[in-house]
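Quick note, the sequences are listed as chains A and B, same order.
Following the numbering used here, the numbering of the first sequence begins with 14 at its first residue and continues without gaps.
Following the numbering used here, the numbering of the second sequence begins with 896 at its first residue and continues without gaps.
Simulated from the structure, these hints should not be mistaken for laboratory data.
Treat the hints with care, since some could be wrong.
[Stated by the list, open to error] With a cut-off of at most 25 Å between alpha-carbon atoms, the simulated DMTMM-like pairs for lysine to aspartate or glutamate come out as follows:
| id | chain 1 | residue 1 | chain 2 | residue 2 |
| --- | --- | --- | --- | --- |
| 1 | B | LYS1182 | A | ASP23 |
| 2 | B | LYS1233 | B | GLU1244 |
| 3 | A | LYS119 | A | ASP23 |
| 4 | A | LYS177 | B | ASP1109 |
| 5 | A | LYS20 | B | ASP1088 |
| 6 | A | LYS208 | B | GLU944 |
| 7 | B | LYS1201 | B | ASP1023 |
| 8 | B | LYS1180 | A | GLU24 |
| 9 | A | LYS208 | B | GLU1048 |
| 10 | A | LYS301 | B | GLU972 |
| 11 | B | LYS1091 | A | ASP298 |
| 12 | A | LYS177 | B | GLU944 |
| 13 | A | LYS301 | B | ASP1109 |
| 14 | B | LYS1091 | A | GLU233 |
| 15 | B | LYS902 | B | GLU1056 |
| 16 | B | LYS1183 | A | ASP23 |
| 17 | B | LYS977 | B | GLU1048 |
| 18 | B | LYS1183 | A | GLU174 |
| 19 | B | LYS982 | B | GLU972 |
Below, each chain spelled out in residue letters.
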Amino acid sequence: MSAFVGKYADELIKTAKYIATPGKGILAADESTGTIGKRFASINVENIESNRQALRELLFTSPGTFPCLSGVILFEETLYQKTSEGKPFVDLLMENGVIPGIKVDKGVVDLAGTNGETTTQGLDSLGTRCQEYYKAGARFAKWRAVLKIGDTEPSELSIQENAKGLARYAIICQENGLVPIVEPEILTDGSHDIKQCAAVTETVLAAVYKALNEHHVLLEGTLLKPNMVTPGSDSPKVTPEVIADYTVTALRRTVPPAVPGIVFLSGGQSEEEATLNLNAMNKLDVLKPWTLTFSFGRALQQSTLKAWAGKTENVAKAQATFLTRCKANSDATLGKYTGGASGDSAASESLYVKGYKY
Amino acid sequence: MSAFTSKFADELIANAAYIGTPGKGILAADESTGTIGKRLASINVENVETNRRNLRELLFTAPGALPCLSGVILFEETLYQKSSDGKLFVDILKEGGVLPGIKVDKGTVELAGTNGETTTQGLDGLGDRCKKYYEAGARFAKWRAVLKIGENEPSELSIHENAYGLARYAVICQENGLVPIVEPEILVDGSHDIQKCAAVTERVLAACYKALSDHHVLLEGTLLKPNMVTPGSDSPKVSPEVIAEHTVRALQRTVPAAVPAIVFLSGGQSEEEATRNLNAMNQLKTKKPWSLSFSFGRALQQSTLKTWAGKEENVKAAQEALYVRCKANSEATLGTYKGDAKLGDGAAESLHVKDYKY
């Protein structure tokens, strides 16, 4: 057979399609305990379970935000947490039309003999873990592969290892009822121009879809989470229209129409940049057989985190800030965003961290 | 870079898009001298140059036919032939809004150690030949790779050799101004079911697009000429709707949106079968970011040949027969064929020849 059609096939297709609904997108709230610690440190909040619970409760109970979201990616700890009233987060989300997802990778390790390139681990017992996550209410998963651009990077080894790892992860998810989000992130670090990023993105995505085909992955039951095509972090910026043009061209050259939706990562872009770029893509007058939406972490939460600063008295204000970014991105998926959503200076702050490690 | 930027890029993109114009398709009239000999033998016509010329003149001057066509594939001899009025065929075609194309492969040879699988030759000096063909008026090319379905076929070797041969041919064409038609034909011979054909087609097409990416081929300046997805020749037939569903799904899973058009080969299908199947595909309500059209040889010429039988007095009737098939297929590209084409002699006749060799 070509595509594996297991007992979950219909459900996978339906879930993937729903996540890709125009006007909706994904909140990536799957920061590991270590990573959320860095965020908390930046707002002087202690990295303990109750604070992690408080932040996610703030996000998941923000009035008006549910209609803008089709999914939320969670870290394992959060999958089993509850609101202060004792309601499991997954139930709260599901009741409001937001599908819970789960980060299943176990981080990156260096590839020996390369110049700092990595592969992602997490395949061991992945099937069993997926089954448990499905029981707990998760219906999609995420696995982040990381590549970089350099003189001799990404190497053929890095491309092959990451593409095949993603494919293996994807099929295991589908065997166990979870829609796999396929994320081959090419870091923005570097002084390369946008053409170089486009070339690398096309090469990487071609390898990814070849690997998915070899592993019999059902494309209709997957989502893609790629980087946008942009100049390197050390290079001059370009307009959202230029980014949109290169990004959509790269996707049209590599992503089969069977994939229902493409949910962009924001990388180191500021909240406003990420929204404007997504908007420009959706305004582009060219045939796009998949929906283009967001799966943002930092680019949805940055201002909100700052507004909250860990204080209960700031929750309402922080939630209002979060709503602003959700609505802005929801509009962007429809090409309707008119800019300047938040008067908050944090919205324009670059979230780029060199050599960023989760 | 990812896609190679030829000085001909804009022209390649424009020509490929033109060939995919809804309502139009390709007449494959590129039978080699040996192959046309078999056709002429079947109607008791001597295989001499004048007869080959007469046949092609009949086809290219058939009233009403050219408006249904965007391209005609020619054999090398025909590229330099003229009508009885002394007008070059390529000029007649161009004036009729039809792009001349040229078959550039040099047939298949067996792959040692396989069970009768083949690879296609023709790469030697291909660049120079393409230049000459461009000067003579050709604007697209065709190269036929052949695979088969069996217990152990297609083998990984066969898939790889044929995919990479196609990719090399494609980029050489683009360097020299010709739009490459990429043709990975999977023969219909066998007793396999339609699911098997679908699985093999998806696997082969995935390999083709990986190879094209590796070779920096500009997809926007190419066309795909695949087999339709059908049961094997020794298996029970299915309806056009079933063929349409399996075919379009296979294409959705493998062919990037950047490819402007897919021009099906007819294989051993009868004229009427091929038209009905194409029509069903264009009626299907699903994502189709490329236009779906025809590149038919036998399925456009069968009735015409029989009607002509090599006799001058039959030319008018033969041209009428060609017009009937051209019109039917033109409508099929729009999904408006009502199945009411005046069936010419042999229009419903299967054109399957077991283990067909050009």
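Hints the structure fails to honour = Hints 3, 6, 7, 9, 10, 11, 12, 15, 17, 18 contradicted; others consistent.
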